[in-house]
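Peer 1: This is what each chain is made of:
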Amino acid sequence: MLAEILQTLPQVLVDGLALGAIYAVIALGYTMVYGILELINFAHGEIFMTGAFIGVAMLILMTGLGWLAAMPAILALILVLVVTSILTGFMGVGIERMAYRPLRNSPKLITLISAIGVSFLLQDLVRFITEYKRGNYILTGPSMFNEQFAIKFSSISSSFSDAFFKTSTLILIISVVIMMVGLDFFVNKTKWGMAMRAVAQDRETASLMSINVNKVISLTFFIGSALGGATGVLFAVQYGTIDPYIGFILGLKAFTAAVLGGIGNIRGAMAGGIMLGLLEMFAAANLQLLTGGIFGAEYKDVFAFAILIIVLIFKPEGLFGKAVTEKV
Amino acid sequence: MSILQLKDVNTFYGGIHALKGISISVEKGEIVTLIGSNGAGKSTTLKTISGQVMPKTGSVIYEGKDISKQPAHLTAQTGIAHVPEGRRIFPRLTVKENLEMGAFIVKDKRIVKERMEKVFQYFPRLQERLSQKGGTMSGGEQQMLAIGRALMSKPRLLLLDEPSMGLAPVIVEQIFDIISDLNKEGMTILLVEQNAYQALQVAHRGYVIQTGEIVMAGQGQELITNEQVREAYLA
Chain A
1 MLAEILQTLP QVLVDGLALG AIYAVIALGY TMVYGILELI NFAHGEIFMT GAFIGVAMLI
61 LMTGLGWLAA MPAILALILV LVVTSILTGF MGVGIERMAY RPLRNSPKLI TLISAIGVSF
121 LLQDLVRFIT EYKRGNYILT GPSMFNEQFA IKFSSISSSF SDAFFKTSTL ILIISVVIMM
181 VGLDFFVNKT KWGMAMRAVA QDRETASLMS INVNKVISLT FFIGSALGGA TGVLFAVQYG
241 TIDPYIGFIL GLKAFTAAVL GGIGNIRGAM AGGIMLGLLE MFAAANLQLL TGGIFGAEYK
301 DVFAFAILII VLIFKPEGLF GKAVTEKV
Chain B
1001 MSILQLKDVN TFYGGIHALK GISISVEKGE IVTLIGSNGA GKSTTLKTIS GQVMPKTGSV
1061 IYEGKDISKQ PAHLTAQTGI AHVPEGRRIF PRLTVKENLE MGAFIVKDKR IVKERMEKVF
1121 QYFPRLQERL SQKGGTMSGG EQQMLAIGRA LMSKPRLLLL DEPSMGLAPV IVEQIFDIIS
1181 DLNKEGMTIL LVEQNAYQAL QVAHRGYVIQ TGEIVMAGQG QELITNEQVR EAYLA
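If you read the sequences in order, they're chains A and B. In terms of my numbering, the first sequence opens at residue 1 and continues consecutively. In terms of my numbering, the second sequence opens at residue 1001 and continues consecutively.
What the hints contain is simulated information worked out from the structure, not anything from laboratory work. Among these hints, one or two may not hold up.
As the list claims (entries may be wrong) - Residues from chain A shown here face chain B by an in silico Cβ test under 7 Å; the list is partial:
(1) L170
(2) T190
(3) M194
(4) A198
(5) Q201
(6) D202
(7) S207
(8) L208
(9) I211
(10) N212
(11) N214
Ideal Cβ positions, reconstructed from N, Cα and C, are used throughout, including at glycine.
So here's chain A without its partners, still in its complex pose:
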């Protein structure tokens, strides 16, 4: 049995990393907003989904205009990523302004309901527009970056099979790494990043330091939503077909990844996302084998979540939860 698991391991790693990278960036959006407002922004999964639709719509439009054929595909993708992240970034800022800020001093549950409302609103809005324009709310983008590559794991040791991946997987992983390193740098090394951490730790006192707290909160929503929207585009390119409901399950899983990493902790969210992606792919590949055929690959989520629950029982603050002891 071990031999068979080893055989598929390289492919599990590649697929798990790709999926985990997506979870990780969405998880960042949850964890940043939670860190600063103690709000679970349930609309974040829908921002990811809207990003995917904006991206695919742009790609279809550009194909129709003949632009996609006229410029290098990677340039087109970068353009789409930049435009989409700016749009979803402002969308996030708008959602905070209209749906959360007026409720800032209400009980947290009220804001949570508002977030769920925004979530439904976005799903229906995207579905309406897509159906209106295309007659169907399931959308398939132009095929891009589909060239297959093999990593020759079998040449390292005969117990491994080769792993296959598409160019889009490579693009996805590289983009996510750039986003994560960029965000980590911003939060830990720049003045506004420091202001963000200060507001997350003590909003009232941050305002005594001349920091405009509302501006920092808007900035947080902009960054989280811009990253989420860009990830939506990458998701659409990687997996081809999207519908208005992809944000729901993916959002829940990314939120779980954020909790796993220790909610409010940015590096934790990154690690939690990657870990969840790997677990899920491992389960998909091996569950049938491990359970002697009782459970198939479709139980991968049960497996992944069972592991998460076990981790959280022993480490309720998450893997990278706040470790600093605070003296009062």
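Once you've looked at the hints, dock chain B against the given chain A.
Peer 2: Below, chain B without anything else, positioned relative to chain A:
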């Protein structure tokens, strides 16, 4: 001309009438203290000045300008630094980052560095702990950091809320020495304290606040020897 003047200020917390027509003034170069028991409205007075809460009626005049409706982050930019009750340093920022937050609006890194050097003259301990997380320091060190952070904005008026709270007597001694030194170098200070004796010792003038009202005012030494004050706050 007073640097700060509160005229008939009424502040509410929800339905609670916390400040009932407070009028006080602080002259440039003075240490003025506001003493009173728990819940009398001392912290609320400072919060009303710094803009964390807005008064319902009355005015807060700072350097000739009414700032009573000004949000906290703008007031902080105009030269009022508020060291809040309980120190409120940022626990997961390092000492250096905490100090840098104090000079958030200063763009020139050299000026930030100069001011930090000046803070180290008052609090050499902070220099030794620059890369330590604020939350891991002792109470006294946190208080020094909180005052140091406030000094980073180079304020013209320093609001101190219970700087002696929860500290060992020797540390309290040190903190009051520094308050006195700062004042000798020209800093105007409004000091809120439960530790009335120490506060009145360093202050030029004092006000006694009781359930949201000023019930007595006078020179520091005058209040120390006042029978009522002695009975209520110095016993």
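Peer 1: The structure should be examined with respect to each hint, and the outcome stated for every one.
Peer 2: Taking the hints in turn, this is what the structure says about them:
Look at L170(A): its Cβ only gets to about 36 Å from chain B, farther than 7 Å, so that hint breaks. The interface hint given for T190(A) is violated, since its Cβ lies 11 Å from the closest Cβ of chain B, which is over the 7 Å cut-off. The restraint placing M194(A) at the interface with chain B holds, with a minimum CB-CB distance near 6 Å, inside the 7 Å limit. The beta carbon of A198(A) comes within 5 Å of a beta carbon in chain B, closer than 7 Å, and the hint placing it at the interface holds.
For Q201(A), the suggested interface contact is upheld, since its CB lies about 5 Å from the closest CB of chain B, less than 7 Å. With its C-beta approaching chain B no nearer than about 6 Å, D202(A) sits inside the 7 Å limit, and its interface hint holds. For S207(A), the suggested interface contact is upheld, since its CB lies about 4 Å from the closest CB of chain B, less than 7 Å. Taking 7 Å as the C-beta contact cut-off toward chain B, the hint placing L208(A) at the interface holds, the least distance being around 5 Å.
Here the hint on I211(A) is kept, as its CB sits about 6 Å from the closest CB of chain B, short of 7 Å. Interface hint status for N212(A): upheld, as the beta-carbon distance to the closest one in chain B is roughly 5 Å, under 7 Å. Look at N214(A): its Cβ only gets to about 9 Å from chain B, farther than 7 Å, so that hint breaks.
Violated hints, listed in ascending order, are 1, 2, 11; each of the other numbered hints is respected by the structure.
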